[in-house]
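Visitor: This is what each chain is made of:
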Amino acid sequence: MAGVLAVFLLYTAVAGNSTPTLTPSQLGTHAGKLAIVGTVVGPAAGDSHSTHGLRFGLRDIDGKSQVVRVVYHGESPPPLFKVGRSVVVGGSYAHGRLTATSILTKCPSKYTATTSAS
Amino acid sequence: MYALVAGATAAVTNRRRLALSARNALFCCFGSTLVAAIVLAVALARHDFSFTYVAQHTNRTLSTPYTLSAFWGGQEGSLLLWLLVLTGYGALAVALNRKLLRDLTVWVVPVLAGIGTFFAFMLVAVASPFDTQTAPLDGAGLTPSLQNPYMVAHPPMLYLGYVGLSVPFAFAAGAMLSGRTDERWIVATRRWTLAAWAFLGFGQLLGAHWAYVEVGWGGYYAWDPVENAALMPWLAATAFLHSVMIQERKGMLKVWNMVLVALAFELSIFGTFLTRSGVVNSIHSFSKSPIGTWFLAFVVISTVFSLTLIMWRLPLLKARTKLESALSREAAFLYNNLLLVALCLTVLWGVLFPIVTQLFKGETRTIGRPYYDFFLRVFGLPLLLLMGIGPLIAWRKASVRALVKMLAWPITVSILCGVALVAVGAGSSRPGLIAYTFSSFVLATIVLELVRGARAVGSVFTLISRNRRRYGGYVVHAAIVLLAIGIAGSSAYGTNVQRRLTPGQSMTVAGYTLTLAQVRRTQVPNATETRAVFDVSGRWNGTLTSGDNQYIFPPEPSREVGIKTSWKRAEDLYVIADDVNVKTHVVFVQVLVKPLVNLIWIAGIVFLLGAGVALWPDAREQRRLVTRLAPARA
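Each protein sequence line maps, in turn, to chains A and B. FYI, this note's numbering numbers position 44 of the first sequence as 44, with every residue one higher than the one before it. Count along the second sequence from 1, then add 118; that gives the number in this note's numbering.
Bound-form chain B, shown alone (with noise of 0.2 Å):
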């Protein structure tokens, strides 16, 4: 609060002292913070039950990194965590830049003391982790499906995602506070938003796999609104991410940098009034709790802040130079970028929708799964199209007989590609022979790329290491090839059969025979474990189990799938045993073979080595930042 009042009075008095000490209160914020996340920290290892919060969420049997996980496992650890993050990045982020950009942290301070301020207040009067009580023998434990580990780090991933994105919103409200809306936010920023970007895009392929090993229906995502809280900001962030380049290179899209660097911001505090709230139905949540209306106070205050600001700003943010042609490198940027902002409102539509039927009509009504499907692939084939085109396409004006010149390789290589895909068969699924033919093109363009250059300095970490901001960003794209060619193989050619059985019936699934060898029951010290034993033949030979746990504290189910995974053939048996009966024998069994579903996992650790080569300190880069802010600093 003080960081708050102290700092917007020393920006708009202009008192260097008085700023010194908000950005000082600033600091002490991250310590005091940093004191609280240690003491109950130290209440969960210790299994103090006398915190409410530790006994609703852990118990003794726990082990310890589970206990500590539970840290984020409630509302009020994670609000916790989050003014932990905020206060942390926020302090580097001053410190880092406090020289560089003097005139702008003065009021980046303040912004990020508001948000802080928010968290604050929630943690004090709304859902403290601290409230006490007398302390039970002992805790109600952790849903056993959650002990996984993949559900430790997905839930602080995504906080460190949604979270980061506070600090280019500061940098972008500072900037226009200031007045100094020229590019240097921007350069500021720009590695703290691909951190918050590469955090949350993590985040979300853990939450996927986790779903998928771990729930036991067969897929990773389901458009639920829970998901899709943490998939907004990140399609936001990208379009961000794409259109600040325009806007160093050109001086182009200062608005519309500003106008997403707010919605990202949004989108991530929207999220959580989703998943808090209860005002939509979510299978992750059916809970109606308070902080919802102060999220939503929130988000309804930040957004009137920041529109307020850009309209104030207008006459400063007009662009330096205009589009020269729709055939050029630029455009190719506000194409790309039109079409994740326009999936990131689809998505943000489909999730708002049962909220206005119920206000316009009176009734809730939901949209599921084809409305999501169809417009994905309405917007996401031709982004992923234009990843190929963009990054060889020319500056200001290209001409179609110079693109077609360029893209000659990627394009005989994407129709060859289609051609012998049509032979083997993957003509089945329109879709997913675009995608598969798309992705091939991208491909093509980037190893194009990275011989061309290779060629040129020596060797490709000679390459690399002299542009990591753009070749980094050709591995991303790497990256999501990998992702759709997983998402279209496993989900446009996957099988899908069901089948009764008894102890030796077989079942033959895309070249697996599947025989019930025997049905069993076993107790292990904290769960009763009702299993179908399947012998397989035929493309593999083993065994696979799969039934379900009846854990016995907390007394909670769970399904526990068999999957095995073929590197050779890049596909999954993924075998659901349902209603596993001890007394008949008699198992109902759903057998799913998932070509290529393991790429999405695969292109996860690319995207993570992607993002963390483009992420890497540059000297380089550190010079020519250095030499582009002089002039300004002088």
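Chain A on its own, in the form it takes in the complex (with noise of 0.2 Å):
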């Protein structure tokens, strides 16, 4: 089971498969492939089809942070995104800009307590 396990780390090490997951505050010098965890600030304008795309801003989810803007392309966001709604954005980070090329919005998980859903 070491070996295994041994393995994994391996693969994942190595691979290089793993994406840091970050905060608006935790960006710091941070550049290149990475996903930002925040809740989406306004005004969330465009179209992730055009080629300016879905302009929006993200901040902690506790709201104690400078906005990083993010430009989306791509598919449609989920139909939850909304401002105010916690996400997960993936992308390219650079010059304190995400360009976003995939969008996570919270599941309406039952299991949620109804105050995050909100």
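Bear in mind the hints are in silico, worked out from the structure with no lab data behind them. A portion of the hints provided could be inaccurate.
[To be verified] Computed, partial: chain B to chain A, Cβ under 10 Å:
| no. | residue |
| --- | --- |
| 1 | 256 |
| 2 | 340 |
| 3 | 483 |
| 4 | 527 |
| 5 | 530 |
| 6 | 677 |
| 7 | 697 |
| 8 | 706 |
Note that beta-carbon positions come from the ideal geometry of N, C-alpha and C, so glycine has one too.
Join the two chains, each given in its own frame, into one complex according to the hints.
Guide: Shown next, in the form of structure tokens:
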């Protein structure tokens, strides 16, 4: 079993498939491929299928950080995407802007306390 | 609490009357939890919004089935359901085994009571569904996408599975505490484990089908931590169900079985910690609930308890026999177990990876789908192959020659199948081709076994009724093969095309031509429905609609996909209309053609059927059981 576990570690370390998942306040000097967890702040404008993309901001879920600007291109964001919603946005970060290629919104799980679902 | 303390005292001091009192206390736990559950169900049915829980999870417009399903719609109600099932299962398991396994059940009672005490404490002190407030005029309601029949059945199925794993765990702990580490605890809990495992497996498929038809992203499993939380104990329980057969027959793998039953139980609790604590980002929840810490503490305590017991009883857990050959049925079961546990640990590592990187690198890193898909192929494909070899290989020691002779027909069938698949173009995906070829091999071995057996006894029905456990297992194997074919077909050979359309424009995908006929917006009592209507021609002629609903109360959107299932061609045409613009009439449309995806849902029914056959009471087995346990009783 220890050998199997070692293979996991090696694979995940060598293949480099892991992505840093950060909050806006943790971004600091990070750059490149990463994901940001935060709350969507408006205005959310544009269209993800257009050249200019869908533009919005992200702030720490507790609301105590600078806003990171996001430009998202690709499939339409999930139906639950809207200002105020907690999301995980993946893409490439450079010069204070995230060029995003994926958005995950919270699934309306029955297991979630109502306070966080609102 | 009384059942725990009195039961433990009675077991240590060997006081029979006190043990009886503890057992009765366990029955009373079930009775009192049932009363509490009825109170909550009545409050839900009567829309009694003075209960905070009822107000938070229902409203007056919700239909009765969904109102009642809000029982497990929130955290507090889920905990009550957990305790209800736990005490119900526990009381029944103890009642059924009280005479046959008296020395063991004396210890099982305090273990079950210990687990129950934890959940009762959580309900009373941390997350009570009975908190009251000044009743508002109406409640918050239920998210529209959860108002789906699959979501009514999916959570309780998972709970029946999760909680069911407590019974074999309690009997295993009871066996170690009492020093009766023979096979009796396994025989006594086989059906409990099987039922829990079947509920857990079927519950996951219900959830996958809900995601497919309701969430509308075209998939059914996203390797999300919350989904993995249910998969991990199921994998551990699958390994356990296989390895106990070796212990029953050969007296081997005793320590391994104890580890597996503890692992399955701990993972079921750990899954709850994962989903509640907010320590990992999941698409299902970002909330941080106070119960997560309590669950983590419970996992740590119960893991230490289990490991201590196993270490203490190691001398009693020595194998009666040894593995004679690496080419034998025992060895095949062992390989199967190693692969299942490796897959389980792979998933666990993937789930824990963000926590580990946060702890050691100060930065959360997540690993995605490629990691899981890679290891699913690495461990899953050999598992599939073993499913065909295992049932046919000889016990103790087999020769390569005899094995090849035995497997000649299945090998021939699978080679022919592989060649035919390459000829029709299935070679475009190597993992898909391997999965199909291995699946044909397993199906051929199952058919071969059924034909051989039926020839010997006269008919397939007689054959199955004479050994329900074995042939029920074969039916479950057939279900897993269907699942493998469905997953391989829909993921390796699917088509996905995206395009922007205006009315009159068309797109052709895998032989289907979709023409956007119109865009419309309709107001219905509680929602605004926006739809794109497509005329479909080519491989199927008809109309499909897709779009979204914007609900008024609660103010939530839901995506509405268009799905056309063709049983004849064994595929789904799946249409997602995004950005349906009613002003410009421009629609961004994504069309997926998913071959064989419906085999996944059929696999669920076959799986349930197989588990049902294996679970069905068997008079012959009962007689064998009584004979086997008689010396121990005397």
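Visitor: Does the CB of residue 483 of chain B sit less than 10 Å away from some CB of chain A?
Guide: holds, 4 Å
Visitor: Would the stated hint for residue 340 of chain B survive a check requiring a Cβ distance to chain A of less than 10 Å?
Guide: holds, 9 Å
Visitor: Min Cβ distance, residue 527 of chain B to chain A: is it shorter than 10 Å?
Guide: violated, 34 Å
Visitor: Checking hints one by one. Is residue 697 of chain B an interface residue toward chain A, by the C-beta closer than 10 Å rule?
Guide: holds, 5 Å
Visitor: Would the hint on residue 256 of chain B stand, with a C-beta cut-off of 10 Å toward chain A?
Guide: violated, 14 Å
Visitor: For the hint on residue 677 of chain B, just tell me whether its beta-carbon gets within less than 10 Å of chain A.
Guide: For residue 677 of chain B, the interface hint holds, since the closest Cβ of chain A sits about 5 Å away, which is under 10 Å.
Visitor: Is the interface hint satisfied for residue 530 of chain B? The criterion is a beta-carbon contact with chain A at less than 10 Å.
Guide: Constraint on residue 530 of chain B not satisfied, violated at 34 Å.
Visitor: Regarding the hint that residue 706 of chain B lies at the interface with chain A, is the smallest CB-CB distance below 10 Å?
Guide: holds, 5 Å
Comparing the model with each numbered hint stated earlier shows that hints 1, 4, 5 do not hold.
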